[in-house]
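Visitor: Each chain, written out:
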Amino acid sequence: MPYLLTSQAFLEQSALLLEAYPETTRITTKYSFPTETPGQLHKRRKSERKPKDTTSTPSSTTQTPAEKIPLACLTLKTFNPGTGITLKYRTNKGAEVSRLMTGLGKLAAGADVASLGVSGAGPTGGAGDIEMGEAPAVDEGVVASSPALQAAGSQTQTTGKAAGGGKGKKKGGKGKR
Amino acid sequence: MAPHLSHDEFFSSLTDLLSKTSQKSRGSVYLTQKPMTDADSSNAQPSILIRATDGNTNAPNPKSADKSGKSSRVTKNKSTKVKMSTIVNPGDLEFFYARYAEVCKTGMAGLKKRDRSKRKGKAKAKGGASKTEA
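So the sequences go chain by chain: A and B.
Oh and the first sequence: position 100 is 100 in my numbering, straight run, nothing missing.
Oh and the second sequence: position 43 is 43 in my numbering, straight run, nothing missing.
Next comes chain A alone, as it looks inside the complex:
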């Protein structure tokens, strides 16, 4: 179950999976905070309990968690139970949320890859450009962005070619159908 490197790639691959198995494929969005180790938990409990014993001055203690707030994580997962195909995408950027959710909306409406790529770039153009510009700069996104762009370019020609540009695994799933 691979983690895809760009949200665009995730949406495209998910669209292909949905296209192949429209009835059974489900998409789960998980918004979660990291679990605490027992030590961290104990520390936090302690700092929470202390002020209660001393009573009064609750205002000062409520601000203590502000010193180190764990960063939440957003994980998107497209899963098909029949074939066991799982596609995942993980991010911790709040700026990506609304774009991802609108993408999921398009997937729910049965959008195919071509319409995702074309219309996906259109309405969110301003924000999307910034996202794409940022992503490669962060880490290994450079590698991922090139096939994604190729796929986007070839979408106008054939969806089959787009699949080839994306992932080999997906292609097998389509062939079966």
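Hints may contain errors.
[What the hints assert, rightly or not] Derived DSSO-like pairs: lysine-lysine, alpha-carbon spacing no greater than 27 Å straight-line:
(1) Lys34(B) with Lys83(B)
(2) Lys20(B) with Lys112(B)
(3) Lys30(A) with Lys81(B)
(4) Lys112(B) with Lys77(A)
(5) Lys112(B) with Lys30(A)
(6) Lys88(A) with Lys105(B)
(7) Lys105(B) with Lys83(B)
(8) Lys30(A) with Lys20(B)
(9) Lys113(B) with Lys77(A)
(10) Lys24(B) with Lys106(A)
Read the hints as simulated data drawn from the structure, not as lab findings.
Fair warning: this is a prediction, and the values are worked out from it, not measured in the lab.
Following the hints, complete the assembly by docking chain B onto the known chain A.
Guide: Quick look at chain B alone, frame taken from chain A:
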């Protein structure tokens, strides 16, 4: 199983759930979407079933409950689990998801905020790196 909520009810309880989780900085929220497969699924487009749950992650940790001495053997208490669901007709999808995205964006406050000073910092880091190289 609890009955499906209307969109308004769903959004208000989802907002509640997300903000609670964000405030606590603990736990998870799972949002699932899948097509409804009814007998009349032969129609062009199925309705979408949306589910939201906290996966019972907001339940107290049984280990810590042990330590405090109260309720040593906690059986898995499912009554603390929050879950809700709603059904979206194909016609309402666009409108629903516009609201859905808005609720998620505001509710998921625990994610990284957009960093305006990032570009500056990056430029600096680049300059520093090139200096060290030279």
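Visitor: All the hints need checking, so say for each whether the structure fits it.
Guide: Hints versus structure:
1. Lys34(B) with Lys83(B): holds (16 Å)
2. Lys20(B) with Lys112(B): The given pair, whose Cα atoms are some 17 Å apart, holds under the 27 Å limit.
3. Lys30(A) with Lys81(B): holds (16 Å)
4. Lys112(B) with Lys77(A): holds (20 Å)
5. Lys112(B) with Lys30(A): Measuring from Cα to Cα gives roughly 15 Å; hence the hint holds.
6. Lys88(A) with Lys105(B): holds (20 Å)
7. Lys105(B) with Lys83(B): Status holds; Cα separation ~20 Å.
8. Lys30(A) with Lys20(B): Holds, at roughly 15 Å.
9. Lys113(B) with Lys77(A): OK: Lys113(B) and Lys77(A) at ~22 Å, within 27 Å.
10. Lys24(B) with Lys106(A): violated (32 Å)
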